[in-house]
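Asker: Sequence:
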Amino acid sequence: MSKITTTNLLKMKQEGQRITAITAYDATFAKLFDDEGAHVLLIGDSLGMVLQGCQDTLAVNMDEMVYHTRCVVRGTTNALVVSDMPFMSYATPEQTYQNAARLMAAGARMVKMEGGDWLCDSIRHLTRNGVPVCGHLGLTPQSVHVFGGFKVQGRDEFQAQEIYRQALELQAAGIQLLVLECVPTSLAERISKALRIPVIGIGAGPATDGQILVMHDAFGITSGYVPKFTKNFLAETGDMRAAIRLYVKQVSEGTFPGPEHCFN
Numbered sequence: 001m002s003k004i005t006t007t008n009l010l011k012m013k014q015e016g017q018r019i020t021a022i023t024a025y026d027a028t029f030a031k032l033f034d035d036e037g038a039h040v041l042l043i044g045d046s047l048g049m050v051l052q053g054c055q056d057t058l059a060v061n062m063d064e065m066v067y068h069t070r071c072v073v074r075g076t077t078n079a080l081v082v083s084d085m086p087f088m089s090y091a092t093p094e095q096t097y098q099n100a101a102r103l104m105a106a107g108a109r110m111v112k113m114e115g116g117d118w119l120c121d122s123i124r125h126l127t128r129n130g131v132p133v134c135g136h137l138g139l140t141p142q143s144v145h146v147f148g149g150f151k152v153q154g155r156d157e158f159q160a161q162e163i164y165r166q167a168l169e170l171q172a173a174g175i176q177l178l179v180l181e182c183v184p185t186s187l188a189e190r191i192s193k194a195l196r197i198p199v200i201g202i203g204a205g206p207a208t209d210g211q212i213l214v215m216h217d218a219f220g221i222t223s224g225y226v227p228k229f230t231k232n233f234l235a236e237t238g239d240m241r242a243a244i245r246l247y248v249k250q251v252s253e254g255t256f257p258g259p260e261h262c263f264n
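Straight run, no breaks: the sequence shown in the numbering used here ends on number 264.
Some hints here could point you the wrong way.
To be verified - Using 27 Å as the maximum straight-line C-alpha spacing, the simulated DSS-like pairs for lysine-lysine come out as follows:
hint, residue 1, residue 2
1, K228, K13
2, K13, K31
3, K228, K3
4, K31, K11
5, K193, K11
6, K11, K228
7, K151, K193
8, K13, K193
9, K228, K249
10, K193, K249
11, K13, K249
12, K249, K31
13, K193, K228
14, K31, K3
15, K3, K13
16, K228, K151
I should point out that these hints are in silico values taken from the structure, not numbers from a laboratory.
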């Protein structure tokens, strides 16, 4: 596999090739995922939950994201490295520019921000200054307390229309990738067809342009609550490399996610 760029991902969408993404937090796992053909590695603020033992992602700070980004970049050869902007690190345009610059200097090739059209001005400024942006709609974990918990979004018509509208607004502002989390399959399909940019789903059904999982979920080593949209690939293979190889294969073939992983 050659070095993945945003141009490659756009071409994959146009040609109907599915994109495989997974979270990574260190050089060793980044190399494993890169070797086995993952197209995108996300340094997720999910590290607050899976590495630090927190109940949500809100305690993760910029210093931690910069550190883990550097680690992942050192283990990556081909995959596109995307870094999360953590909670309250992009509350104002100036803060957004400074923190995005830190992640890019650490080696990220794209930053991800959660939220809707209120981000558009910052997105335009970032892209004008050479920072590619990934959007994130649906269940946005940094807003978990606004939602009243980790709940599926977009089930009623008004909310679905709002998510759809915001996806179009974010694309117009310049995002080059969109993550849709925990939305009904029909809504994710509608958005994926409407956008020219790739849409990566997690708990969003099989009709998106690709899938992402938290690495701990893919290995079945998440403690406590196990989300419906996850699958333990390690249980089927007994080997971490084979598990990721199977994940990449099933995403590519469209056999993951199955009906049991989706929301209506």
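Asker: Take the C-alpha atoms of K228 and K13, compute the straight-line distance between them, and say whether it is at most 27 Å.
Answerer: Distance of about 26 Å is within 27 Å: holds.
Asker: Holds or violated: K193 and K11, Cα atoms, limit 27 Å.
Answerer: Holds. K193 to K11 sits at ~15 Å (cutoff 27 Å).
Asker: For the pair supplied as a hint, K3 and K13, confirm whether the alpha-carbon distance does not exceed 27 Å.
Answerer: OK: K3 and K13 at ~17 Å, within 27 Å.
Asker: Does K193 sit within 27 Å of K151, going by the straight-line distance between their CA atoms?
Answerer: holds (24 Å)
Asker: Holds or violated: K13 with K249, Cα cutoff 27 Å?
Answerer: holds (17 Å)
Asker: Do the alpha carbons of K193 and K228 lie within 27 Å of each other, as the hint requires?
Answerer: Status holds; Cα separation ~24 Å.
Asker: Hinted pair, alpha-carbon criterion (27 Å max): K31, K3. Please report holds or violated.
Answerer: holds (13 Å)
Asker: Between the alpha carbons of K228 and K151, is the straight-line distance 27 Å or under?
Answerer: It holds: about 11 Å lies between the C-alpha atoms, which stays within 27 Å.
Asker: Given the hinted pair K193 and K249, is their alpha-carbon gap at most 27 Å?
Answerer: Status holds; Cα separation ~23 Å.
Asker: Within 27 Å, alpha carbon to alpha carbon, are K31 and K11?
Answerer: Holds: K31 and K11 sit about 24 Å apart, inside 27 Å.
Asker: Hey, K13 versus K193, does the alpha-carbon distance stay inside 27 Å?
Answerer: Given pair K13, K193 holds - Cα atoms ~10 Å apart, limit 27 Å.
Asker: Given the hinted pair K228 and K249, is their alpha-carbon gap at most 27 Å?
Answerer: holds (20 Å)
Hint compliance for this structure: hints 3, 6 are broken, all remaining hints hold.
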